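Make a model of the complete structure from these sequences and hints.
Note that the sequence shown ends on residue 180 in my numbering; no numbers are left out.
Please keep in mind that the hints were generated in silico from the structure rather than gathered at the bench. For clarity, every value in this text was computed on a predicted model and none was experimentally measured. It cannot be assumed that every hint is accurate.
No farther apart than 25 Å at their CA atoms in a straight line, the calculated lysine to any residue pairs in the SDA-like style are these [claimed, not checked]: (1) LYS78 - PRO170; (2) LYS46 - ARG108; (3) LYS78 - ASP53; (4) LYS71 - ARG169; (5) LYS78 - GLN119; (6) LYS78 - LEU99; (7) LYS78 - LEU165; (8) LYS78 - THR2; (9) LYS46 - PRO4; (10) LYS71 - VAL109; (11) LYS71 - TYR110.
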Amino acid sequence: MTRPRLATVWLGGCSGCHMSFLDMDEWLFDLAAAVDLVYSPIADVKEFPHDVDICLVEGAVANEDNAELAKIVRERSKLVISFGDCAVSGNVTAMRNPLGDPEAILQRVYVDAPDRDGQVPRAAGIVPALLPQVRPLHQVIDVEAYVPGCPPPADRIREAIESLLAGRRPPATGESIRFG
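So, in structure tokens, the structure goes:
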């Protein structure tokens, strides 16, 4: 029998959701026995693989690299789960949205203010272009479920993963849908 292929992705956020994932402590041994972790910031895999069964995506879509990876994740995953408040709602990452398109801010900081180079850093493959607005994941790709929290507590993550592995959607009532 083939084990489910699990991936976790980190977009625009603080990695707190992945820290909370690691807080599942000894249950991670049970998880490792039940799934193949095929992609994650906690594993050294460079390219998002094909045929992923479950993918937890942390962080909002804040730049072009985030948007591109989100689309690849959607294309190659059966189930995509918005993992944490930044992915679910934009949260802290989206706090720049009321300031408008970040291009004017980048111009002010890197060109108008004293700067060594007097230009906005735009090195291809190194500095991804910021999107005009930060978006929660579901505004960029379709998602199947949400695991809110900033970060979601380890027991909520475990409950969501156990539900998904059993072929059910994560709970969407009570404490399981609490933000923050």
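Hint check results:
1. LYS78 - PRO170: Since the Cα atoms of LYS78 and PRO170 sit roughly 15 Å apart, the hinted pair holds (cutoff 25 Å).
2. LYS46 - ARG108: violated, 34 Å
3. LYS78 - ASP53: holds, 5 Å
4. LYS71 - ARG169: holds, 22 Å
5. LYS78 - GLN119: With a Cα-Cα distance of about 42 Å, the restraint between LYS78 and GLN119 is violated, given a limit of 25 Å.
6. LYS78 - LEU99: Violated, at about 36 Å.
7. LYS78 - LEU165: holds, 12 Å
8. LYS78 - THR2: Holds - the C-alpha atoms of THR2 and LYS78 are around 15 Å apart, at most 25 Å.
9. LYS46 - PRO4: Answer holds: LYS46 to PRO4 is near 20 Å, not above 25 Å.
10. LYS71 - VAL109: violated, 31 Å
11. LYS71 - TYR110: Answer violated: LYS71 to TYR110 is near 30 Å, above 25 Å.
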